[in-house]
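In case you want the letters, here they are:
There are 2 protein chains.
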Amino acid sequence: MTENHLTSGVSQEEIQSVLLKMGRQAKKASYLLANASTEDKNRWLLAMADALERDTDLILKANLNDMETARKNGLSEAMLDRLMLDPARVRDIAQALRHVVTLPDPANRILSSTVRPNGLRIDKVSVPIGVIGIIYESRPNVTVDAAGLCLKAGNAVILRGGSEAFHSNMALTQCIASAAEAAGMPHGAVQLIPMTDHAAVSVLLKMDQYLSLIIPRGGERLIRMVVNESTIPVIKHYKGVCHIFVEKTCDQEQSLKIIENAKCQRPGTCNAVETLLIHRPVVAEFLPKLYAYLKEKNVEMVGDASCRAIIPEMGEAVEEDWYTEYLCKKISIKVVESVEEAVDHINHYGSGHSDSILTQDEKAAEYFLNLVDSAAVYVNASTRFTDGGEFGMGAEIGISTDKLHARGPMGLPELTSYKYKIYGNGQIR
Amino acid sequence: MTENHLTSGVSQEEIQSVLLKMGRQAKKASYLLANASTEDKNRWLLAMADALERDTDLILKANLNDMETARKNGLSEAMLDRLMLDPARVRDIAQALRHVVTLPDPANRILSSTVRPNGLRIDKVSVPIGVIGIIYESRPNVTVDAAGLCLKAGNAVILRGGSEAFHSNMALTQCIASAAEAAGMPHGAVQLIPMTDHAAVSVLLKMDQYLSLIIPRGGERLIRMVVNESTIPVIKHYKGVCHIFVEKTCDQEQSLKIIENAKCQRPGTCNAVETLLIHRPVVAEFLPKLYAYLKEKNVEMVGDASCRAIIPEMGEAVEEDWYTEYLCKKISIKVVESVEEAVDHINHYGSGHSDSILTQDEKAAEYFLNLVDSAAVYVNASTRFTDGGEFGMGAEIGISTDKLHARGPMGLPELTSYKYKIYGNGQIR
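Top line first, the protein sequences correspond to chains V and B.
Going by our numbering, the first residue of the first sequence is number 1, and it counts up by one from there.
Going by our numbering, the first residue of the second sequence is number 1, and it counts up by one from there.
Please keep in mind that the hints were generated in silico from the structure rather than gathered at the bench.
Don't take each hint at face value.
One copy or two, either will do: identical chains are not told apart, so a pair holds if it fits within one copy or between any two.
No farther apart than 27 Å at their CA atoms in a straight line, the calculated lysine-lysine pairs in the DSSO-like style are these [what the hints assert, rightly or not]:
(1) Lys239 with Lys206
(2) Lys27 with Lys363
(3) Lys206 with Lys297
(4) Lys330 with Lys27
(5) Lys28 with Lys363
(6) Lys27 with Lys239
(7) Lys297 with Lys239
(8) Lys289 with Lys257
(9) Lys248 with Lys206
(10) Lys329 with Lys295
(11) Lys330 with Lys28
(12) Lys28 with Lys297
(13) Lys363 with Lys124
(14) Lys239 with Lys28
Isolated chain V, as found in the complex (with noise of 0.2 Å):
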């Protein structure tokens, strides 16, 4: 099953010719699926969801040879914990799928209807995107989530994985598509890249006459890389510095059990909070409980001039601080004055992510909420909830700190676009 493809060391002649081809046979039959009915579709997500637990044993072979070669080339714990298929972790897979047959099928819904006064009517109804592309980095599981979503919502689907996934990514790719293709599903609607060069994603963000979108999914590095050679639209975010200022008014308890949710439930996350901001009528009093209070947890801390007046023993924030996604138990501190200089501070600094005030003051948190220019904004929460399961859409393709079509967590309604039609007797101008 892993056998029939190509690996690296390919000709920049061949990578073309085999992106290009995927590319035309991905355009044709997202036309097919723009067409399919929900049944169809459900009906093809199930079949994958068999096949995989079918197929599990030749999966977790071609998850053993990219385990094996992670651990001759050093991979961390974490990595290799990333990149590793068992049996339960593949009945979840399967499961997932299953789950997305019972979400609402996002395309062919009239969004809107209006007769105008000469009698056309003009229907705004939802569809699919067409054909996109996914490029991420080492969790195999991505290749069938993203697969299944894609196909949901009517797309195609052209496949990008890690190059240490590449044989697990392969192997679930060719078993998912089979099956489907094997219960009618257009042949193209779902593929992966059947190769590990780099000059491949080159051609494949290029390829602007197929696809119409590029969702990457990874460490910040990947997407700027992404977004840098890419010709087609990219929806994305870079990472997320995500805020929580302390508002004089706030209930000090909950702010402290906030801030370590915040921090410490999953601090590798991107909705993971970085910076505190502190107001200062408060600092005086709350600074030191939190430090204790986060000290115990293991957090490191960094602060400015003021925070460190008050704990000298804490370490010092400087400028990159602020800019800086720790992705671990870290967490930078500084001190405002107004909730004006915490937006300005947030505005400035942030990515546009996730960010809370912990407030009693109805009207500070309204400001705080209109002014701070980020996806998703919080009042008396952690910033964790920035996930699409939290916010009840059932799945998540990704998130977005972009502002065009979609913004914060993308689920299948965001992986539609849409078209008029119009109705017409006649009509002329």
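Start from chain V and add chain B according to the hints.
Showing chain B alone in chain V's frame:
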């Protein structure tokens, strides 16, 4: 009024510095605009409209300056007419602003509100996009129309018009910006690039730290330049290669009138028809009638071999014709065997703008509506209706053949993004 601006011949450094300052001011203004009330924004728009009528003489003097240069440079009568302002046209521009006042404010609307099982209330709220760049060609009215629409939706705008209209655009912008600022509009909310150098456009298109969207309006050359140079998302249409498919069951008398309207009513517009596809079973009967009908309206016709077998004096359509937007009274004609072939032709050669099927067969209509991958797809009507006004949007900032964010005519709601405002009382994960 037209004295205190830079013209061409400015150093690259100076251009960079002027543009960056404009960007900073616009970004700062955009935060205040996002928080402005509908009443405020309407008051500013009315102040602009009144100022245009009050300052008509100054505006016409600046326009005269442009007109004289344009005549010296030998611009065509059509171009001169586009450029020309007179008291009636200035009044129309002012009236268009007063019309924008009557339109609903698209910002700060709760698009959805859900309460999660943990008690978090998640409001999805429309917000302005931020700073929008508008790059356009000769008509000076676009300066005011675009500024008014961006402002009503709460966006700051940086305008760049055609160099031939430079003095007119400067006069218009200074008039409306100073009047609105006197009425309380934030400084920097409406700005025009005060120089004609192309280098200024290149700088603007890279200022993604300040601008969130570029809308180019003009010919294909201008738009390709913008897309190639810009690091900011662009919403655009390159051209309108629109089709009408004459299906065998159509009402032939009605079809003649629709085709004539779509070609002749305003041949220079993007929603005029460029290619007719005629269903083989009716071509022998329909084509001679059509040929006589359009010949009388002075339409030049070019056809494929099947057409010329019926009408030998018809010119020959070559491959290039199927891609061509004539923008004049010329049309290409091709015979197709089926609705499938018509759809394939349109999806291959078309521009994704507006396409129409003329038919009495509901199944053929449905197939065409679903499979043609264009912004607006019609049954039994002229393609000329793809227009914000005709769609009942009240106003139009442009037309998009993109699939992300906005497709088809773009009105005020398309000038907004959204954010999530999340209300908690201590929720943690």
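Status of each hint after checking the structure:
For the identical chains of this complex, lysine 239 and lysine 206 are neighbours both inside a copy (24 Å) and across copies (21 Å), given an alpha-carbon limit of 27 Å. Proximity of lysine 27 to lysine 363 under the C-alpha cut-off of 27 Å is restricted to the inter-copy arrangement: shortest distance 24 Å between copies versus 51 Å within a copy. In this homomeric assembly, lysine 206 and lysine 297 never come within 27 Å of each other (Cα to Cα): the closest approach is 47 Å inside a single copy and 44 Å across copies. Taking identical chains as interchangeable, the C-alpha atoms of lysine 330 and lysine 27 are never at most 27 Å apart, the minima being 46 Å within one chain and 31 Å between chains.
Taking identical chains as interchangeable, the C-alpha atoms of lysine 28 and lysine 363 lie at most 27 Å apart only when they sit on different chains, with a minimum of 21 Å there against 54 Å within one chain. In the homo-oligomer, the alpha carbons of lysine 27 and lysine 239 lie at most 27 Å apart only across protomers (21 Å), although the nearest pairing inside one protomer, at 31 Å, exceeds that limit. Proximity of lysine 297 and lysine 239 under a CA criterion of 27 Å is satisfied intra-copy only: 24 Å inside one chain copy versus 60 Å between copies. Proximity of lysine 289 to lysine 257 under the C-alpha cut-off of 27 Å is restricted to the intra-copy arrangement: shortest distance 12 Å within a copy versus 80 Å between copies.
In this assembly of identical chains, lysine 248 and lysine 206 lie within 27 Å of each other by CA distance neither inside one copy nor across copies; the values are 51 Å within and 40 Å between. Proximity of lysine 329 to lysine 295 under the C-alpha cut-off of 27 Å is restricted to the intra-copy arrangement: shortest distance 10 Å within a copy versus 77 Å between copies. In this assembly of identical chains, lysine 330 and lysine 28 lie within 27 Å of each other by CA distance neither inside one copy nor across copies; the values are 49 Å within and 31 Å between. In this homomeric assembly, lysine 28 and lysine 297 never come within 27 Å of each other (Cα to Cα): the closest approach is 54 Å inside a single copy and 39 Å across copies.
Proximity of lysine 363 and lysine 124 under a CA criterion of 27 Å is satisfied inter-copy only: 20 Å between copies versus 39 Å inside one chain copy. For the identical chains of this complex, lysine 239 and lysine 28 are inter-copy neighbours only, at 23 Å across copies versus 35 Å inside a copy, given an alpha-carbon limit of 27 Å.
The structure fails hints 3, 4, 9, 11, 12 (numbered hints given earlier, in ascending order).
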